[in-house]
Each structure stands twice: as structure tokens, then as C-alpha cells.
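**Student:** Sequences are here, hints too, so could you generate the full structure?
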Amino acid sequence: MTSPFPPTSRLARRLATLAIGLPLLAASAAMAAEVNLYTTREPKLIEPLLNAYTQQSGVKVNTVFVKDGLLERVKAEGAQSPADVLMTVDIGNLLDLVDGGVTQPIQSEALNAVIPANLRGADGQWYTLSLRDRVAYVAKDLDIQALHYEDFADPKWKGKVCIRSGQHPYNTALIAALIAHDGAEATEQWLRGVKANLGRPATGGDRDVARDILGGICDIGIANAYYVGRMKNAPQDSDSYKWGEAIKVIRPTFKDSKGTHVNISGAAVAKHAPHQAEAIQLLEYLVSDEAQSLYAKANYEYPVKAGVELDPVVASFGALQVDELPLTEIARHRKLASELVDKVGLNR
Amino acid sequence: MTGFPSGSRAQARAWHFGMILAGIGVLAPIVSLLGLAAQGSVEHWAHLLDYVLPDAVGQTLLLLAGVGVLSAGLGVGGAWLVTAYDFPFRRTLSWAMLLPLAVPTYIVAYAYLDILHPIGPVQSALRAVLGYDSPRDFRLPDLRNMPGAIVLLGFVLYPYVYLTTRSMFATQAASLLEAARLLGHGPWSTFFRVAVPMARPAVAVGLSLVLLETLNDIGASEFLGIQTLTVSVYSTWVSRSDLAGAAQIALVMLLLAMLLIAAERHGRRRLRYTGSRRTHPVQARRLRGAAAWAATGLAAWPVLVGFGAPAAYLLVQTGEWLLISGAPSPRLLRAGANTVSVSLAATAVTVGLGLVVAWSARIMQRPPRWLRALPRLATLGYALPGTVLAIGLLFPVMGLERGAALAREALGMAPGELILMGTPIALAAAYTIRFLAISVGSIEAGLTRIPSSIEQAARLLGENVNGTLRRIHLPLLRPALATAALLVFVDSMKELPATLLLRPMNFDTLATWLYGEAARGSYEEGAIAALGIVLAGLIPVILLARMHNRKTA
Chain S
1 MTSPFPPTSR LARRLATLAI GLPLLAASAA MAAEVNLYTT REPKLIEPLL NAYTQQSGVK
61 VNTVFVKDGL LERVKAEGAQ SPADVLMTVD IGNLLDLVDG GVTQPIQSEA LNAVIPANLR
121 GADGQWYTLS LRDRVAYVAK DLDIQALHYE DFADPKWKGK VCIRSGQHPY NTALIAALIA
181 HDGAEATEQW LRGVKANLGR PATGGDRDVA RDILGGICDI GIANAYYVGR MKNAPQDSDS
241 YKWGEAIKVI RPTFKDSKGT HVNISGAAVA KHAPHQAEAI QLLEYLVSDE AQSLYAKANY
301 EYPVKAGVEL DPVVASFGAL QVDELPLTEI ARHRKLASEL VDKVGLNR
Chain A
1 MTGFPSGSRA QARAWHFGMI LAGIGVLAPI VSLLGLAAQG SVEHWAHLLD YVLPDAVGQT
61 LLLLAGVGVL SAGLGVGGAW LVTAYDFPFR RTLSWAMLLP LAVPTYIVAY AYLDILHPIG
121 PVQSALRAVL GYDSPRDFRL PDLRNMPGAI VLLGFVLYPY VYLTTRSMFA TQAASLLEAA
181 RLLGHGPWST FFRVAVPMAR PAVAVGLSLV LLETLNDIGA SEFLGIQTLT VSVYSTWVSR
241 SDLAGAAQIA LVMLLLAMLL IAAERHGRRR LRYTGSRRTH PVQARRLRGA AAWAATGLAA
301 WPVLVGFGAP AAYLLVQTGE WLLISGAPSP RLLRAGANTV SVSLAATAVT VGLGLVVAWS
361 ARIMQRPPRW LRALPRLATL GYALPGTVLA IGLLFPVMGL ERGAALAREA LGMAPGELIL
421 MGTPIALAAA YTIRFLAISV GSIEAGLTRI PSSIEQAARL LGENVNGTLR RIHLPLLRPA
481 LATAALLVFV DSMKELPATL LLRPMNFDTL ATWLYGEAAR GSYEEGAIAA LGIVLAGLIP
541 VILLARMHNR KTA
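Going down the list, the protein sequences come from chains S and A. Quick note: the first sequence, position 214, residue 214 per the working numbering, numbers continuous. Quick note: the second sequence, position 486, residue 486 per the working numbering, numbers continuous.
If you're looking for bench data, these hints aren't it; they were derived computationally from the structure. The structure displayed is predicted, hence computed values, not measured ones. Glycine included, each C-beta is placed from N, C-alpha and C at the ideal position. Among the hints, a few may not be true.
Stated by the list, open to error - Which residues of chain A face chain S? A few of them, derived with a C-beta cut under 10 Å, are:
no.: 1; residue: Gln-123
no.: 2; residue: Gly-225
no.: 3; residue: Ser-232
no.: 4; residue: Ala-405
no.: 5; residue: Thr-512
no.: 6; residue: Ala-518
**Tutor:** Pasting the structure below:
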């Protein structure tokens, strides 16, 4: 057996084939039906939705979960970025992406028909996928039926309030909403009142509020509603279930409005999306009846689409009346909210 | 120039060139952070000075002081106990004291909050014994405060001090200890007047690692409600979308860390290991009766707090979860495989570069000033918070990607996917830059124990630079190289913030998996990933311990 090439040149040929072949392989992989999702939201939460989408459309969804620095990463990747869809769980972070210039406007009748105008960018740069109301967790045996957000600063709750870090986006959004409603000065006073009422440092997660109420550290706290859906639907002998059973949910309102503060999970199509069509298709799927119902029943979030059936636990909180303040107004006060948290020393 | 025979000059140049390359790699993210910082305004400093920094600086210093004292006490005390005395389980404890290295601080914080929570096992049992029904009637003070953070971090980080101090005691202490005993010093006097002063250089090395870890810790401190400087970098960046401002604070912190490192080196500039003499191992004094068991208890205490309790907690949680849900998912197993392979790759590169930097510095004769500073610069990556380093790395990495894309275009090839960010290469590079400090430090420490007379002998006998390294220093350096490799491996496996930002799509490590579980609030499933990190970290820690035991035996 003689080879047409001496051994060294055969090696050279192989290397050359590899060098040419690898990028081609990568390029052909990019052409197969797939869509790339960069998300600050833990992807396993929306995995059932993504799997259902893949089954229906044949488009594979690749994900990367980036906590902080999504904007910086996509910006740095620039025109080479493989990102198609950018997803966040906070309006401020979503608008940061738009302001950072890493999104593109899209046109979609399907999206516009489902999502109310105040819950999407006027120019098609961002879209809300689900609503997340920030509510009061109250010790089960306390006799309270209604609350204003302003009440958390009432001295009668001294040493009885639990809340996560004031710098967490969920809280800066709420504080920004308070600034919009009551003004910066009143909000600063409110923060001082809440600080004086804290039963433990402002830290941990939203579920820790329920746990600490069960542990007798606090009586009331502020946290997102969907965690209660998760806790109360957990296996009965699990810790989560016990925490969830220790509390009831009250949807607070602002003193001058009948609505409850809501943040969103939302998404945008990346500016340099290599799979723009699939990206739009994925967004449209996420507001379909099927996906919205999965949001409501698997994640216990409030669907952005009207008329979708809720999980029984979430339904037991009653209909959600959303605060009328535009989300962009909330995002506008976010920086001041964060500075007030520092000024008052809420986290100290 | 080098004094070595022919061919050596070219070889030395190659080493120096390698060192400069490593320096560029480490400086690249810092330069891009400087660029970022320069773009921002300085307006926010008024706000920071008024409301944030006074408190954050105070809290940070208090935390550093507390953790420093506690970890130094535990580390030096433990090392002395297992070196100078013999008591039941001494051999086991002498390696078990390293075990907390395997547990990331954020896992320890989670675990203890659960164990010591009013509705956790400890307080529930206490209430049952004391006859209280509800946590509303009786509960212990909360863990989420400064003392809690100091205790937890101290008990998890002391092994860095223990490791460096113990190998120093084991190899150097014998004659001094015997002299002290002969001169009639009691055990306490021997400890404070001989052991502690002698241990100073070794403690400084371990302690600087402890302090930098503490300074840059975000998971555990934030979870325990401590507002450190690192936490305020995060709120400036994340809550106020002011990356430039965050970069400014991070660079000021870097300056502080450099001062810390400089002070440490200044403090021991005149201290020299004796090294050249081969001393006999310390003759441990056998303790009897109550004293012996007291010593066992004293040495076991840090292991139980820093490792035993959290590990047992994770085992129980994992057991409960497996009962409910069966075997771990294939994806979790893949995350485990990812963790091990990317950490191994990073370890190989980091130790290789560490050797380049340390050896290059060693053979340098009359180097220019700027070159002499390079080995110190190589350690900067460890002095930055992980996410900040990762942000800084994004820009140089993408610069390389753009270069690669242009090259492919010029060659008429299709534009492929991202080479560094689309694969774990960027991740491994981040680990390397971050942990180069550990590898350079360990190898330099190893080199200082080899007297330079050996090089002179080799030179006289006609050996060149590379031959000297291969035939003399590498064999002698083997323990130092192994220590470096194992520490870098364990640290890479635990790394979370840079991993979150720089990993490719569909790529999980055990740490990101755990973080994901925690982010959606399912701690039970997170326990299995946490246990995975601990178990995978256990293997290198035990190897490390066995190696040190062999060396002392």
C-alpha cells in the first residue's frame, strides 16, 4: 500500500482540511433551524415553554443564563454576537438593553394584538411576556385585609418587616414607583420608616420573607407573588410548602391609586440577530395561548394576555389590578431609587 | 548576562518573553477597565462619599480584620497543634483540616442559614427541649450580621493559612522547637515566642489569599447582609447602570489590594527561609489523658464547623431530594463533566504560566525595573472581583475574535462562530488570569527554598538554563507545583461570577447550576450540585493532604 502523499504532507493536508472545514461546519450549524436566547432569567423556569416551542416549530433553542452584564456581553460581541433574543426579568434591565443600542425594532401584528400598548415599546424594541406583581406576604393569623405600600413604614410594624436588598431590581422598581406616586421626599421618609421596621437585614431572596415569617422573625414583608404559587404547589412535606403555608398574600396599592405595582419579564430581538425570523417567531409563540397558559400554570406568573386561565393559588389572590403608571416612568426613577436606598442606608 | 553556558542567553530570552506575554494577558482586562473608568464622569463620587463609602469602607475593614484574625488563629494554631503534639486522630485531623477548602463560601452561608434558622433543626430541637411551642416565643440571635459573616468566612478560609504554615513548621521547626524545650519554655511560651514569630512569612502568604478572597467575596457577604465595597461596586453598576462608575470603584479597590500585597512583601523582605539545610522532622510530644482528647477536640473544631456541618447538611438535603426525584439528571452530570474538564485545562495553563513567570524571575540578572515588577503584576487578577475581571476581559477577548473574523474573511472563508466566547476557551482564560497569583505564589515559595548555589553549581558543570530547570529544579519543585495545581483546580471549580458571564451557550458548570437553582429558589435540587462541587473538590484536597503527609513523614 503506497500513499500518494509522503506522511508529512498528508498531515499538512489533514490540517488544511480541518482549518477550512471547522469554520464551514460552524457556519452550516448556524444555518440549521435554531435560535439563540441570552437571558437574565434562569432558563429552567421557561424550559417547558422553550421545549414546547421546539416541538411545534422544529427550531432548537440555545440558551445562556447571564446574571449581571448581559448588556456588556452583547455590546462587546457586537456584530459577531450570536444572540437572537434577549430576555430580562426587570423593566429597567430591559430598557437598558434598548438604550444600550443592542436591540432592534420589529414589526409583528401578533405581538401588538396581544400585548397592551403600555406594556411594549412604541417602536417595537421591547415586549412584555408576563407580569410579576410585588405583593405583601402577611403572617397567616394576622387580621389584615388590605394594605398600602406606604403602610410598611408605619411604626406599628417596628421590627416586624422583612424585605430583600433594597438594591435588588425588584425593589428599586417598587421604590421608583413610589417616587412617581408620592415624590422623592416622601419616598425617602418611607425608606427610613421601613429601615426602622426591619426585623433582619435587607438581604436574601423573596422566599426568605416567607421562611422568616414562619420563623417568627417578621410578620409582614414585600415579595413577588409567583413565589407563593411555587411554594404552595410544592410537595407537602417539603420546606417550601411549609413556608408558603405560613403566609397569606395581600396585593397592596398606592395611597393615590387603586393599582398594584407590577414588574415584567420581557424580551427584545438583538440588533445583530443572525436568526431574526426565528427570533420573532419565538416571541410570538411566547404570547400564544399555550405559552401564556404555561407561564401562568408552570411559573405562576400573571399572563400578559387577557383571559388566560390562572393557577388556582394565583387565582385565589383575586384579579390583578395593575398600577396605571407607565413602566417607562418607573424605569426613569430607578437611579434615584437606588441612590435613596444608599442615602437612607436601608441595607446597612 | 545570565552567566549560564552557551545557548542559555537565547533560552533566558524565551523565558522572559513568556513572562511578558503572561503579564500582557493579566494587564489586558485591567487596561480595558481603565478605559471604561475614564469614560465615566466622577459625579457619582459625591454620592458615594456622602452615603456609601464611609460605611462600606468601615464594614470592609472590619470584615477583613475579623476574618484575618480568626483564620490566622485557626490556621497557625491548628498547624502548630498537629506538628508539635501527638494526640488521638492526629494524622486524620492533619489532613482533614484542609477540607473546608472544598466548600465555596456561598454554600456554607446558605447551609448555615438553614441549619441555624429558627425553623431549622438546631433551634427546633432546642425549643423542644426547653418546652417552647413557637419560634415567636423563643429564638436565638440571627446569623445575618457582621459576627456571623466573620465566623463563617474565617472557618472556611483558614486552610490557606494552615497549608502554608504547616509545611513551614514541618520542615523548619524541629531545631528551634527542641531548643525552646531544652531552655525550659512551656507549651504556650514556645507557641507564642517561637512558633508564631517563625511562622510570619508563611502566615503572610496564606493570609493574603484569605484577605483577597474576603475582599472580593460577593455571594456570602451579600447573603449575610454585609455591605462591603464589592457590594457597592455591584449596586453602582447593576442598579444605576453606571458601569464606568463601578469600574472606577473597582480600580480603587485594586489599588488597596496592591498596597496590601506590597505591605506583605515589605514586611518579610528581610525574612529568609533557611532552606538549604535538610532538617529532621519535628519530634511531636505525645499528650496523654484529658489533655490529649482536648487537643483532638481543639483540632477537630474548625473541621466540623468549616466542613463537617455544611457537608452533612448537603448530604441530608441530597438524600431527601433523591428519595423524591430519583437519580440526578444527565444534564447535571454533564455540568459536572464540564466543571472538571474546564478546571483541569485552566489548571494546566495556570501552573505552566506560573512556572514561566517564577522561573523567568529567578534566572533574571540585573533586570530593568519594569521587568522586575512583572511577577507582582501577574497576581493582579486575584485582586479583582470575579465579575469585574470578566467585564474587563470581554473587550480584549472580542478584539481577538474580530481579528480572527477578519483573518478568515481575508482567506475567503465563511465567517464562523465565535472561537473564544463560543467555546469554554474564554472561561479557561479567565480562570487562568484570576488564579495565576496562586500558582506564581506557590512556585516562588518553592523556589526560595532551593538555594541559588545549586544554580551556580549547575552552571559550573556546563548545564544551560533549560537543562538546569529540567534536571534540578523541576524535580525539587514537584511538591510546590502540585500544591499550585490543586489549589488552582479547586478554586476554578468553585468560581461563579466570571463563569456566569463568559460561558458559551448551553454550558453549565456545577457552580452555575447551583446558582440557577438558587435563583429560582429550589435549594433542595441545588444541594446535589453543591455536593458535587464539594466531592469534586475533595479529591484534590485529599491528594494535597497525602502529599504533605508524605513529605513530613
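**Student:** Each of the hints needs a verdict: does it hold here or not?
**Tutor:** Now the hints, each set against the structure:
1. Gln-123: holds, 8 Å
2. Gly-225: holds, 3 Å
3. Ser-232: Check passed: Cβ of A/Ser-232 comes within 8 Å of chain S, closer than 10 Å.
4. Ala-405: Holds. Min distance 6 Å.
5. Thr-512: holds, 7 Å
6. Ala-518: holds, 8 Å
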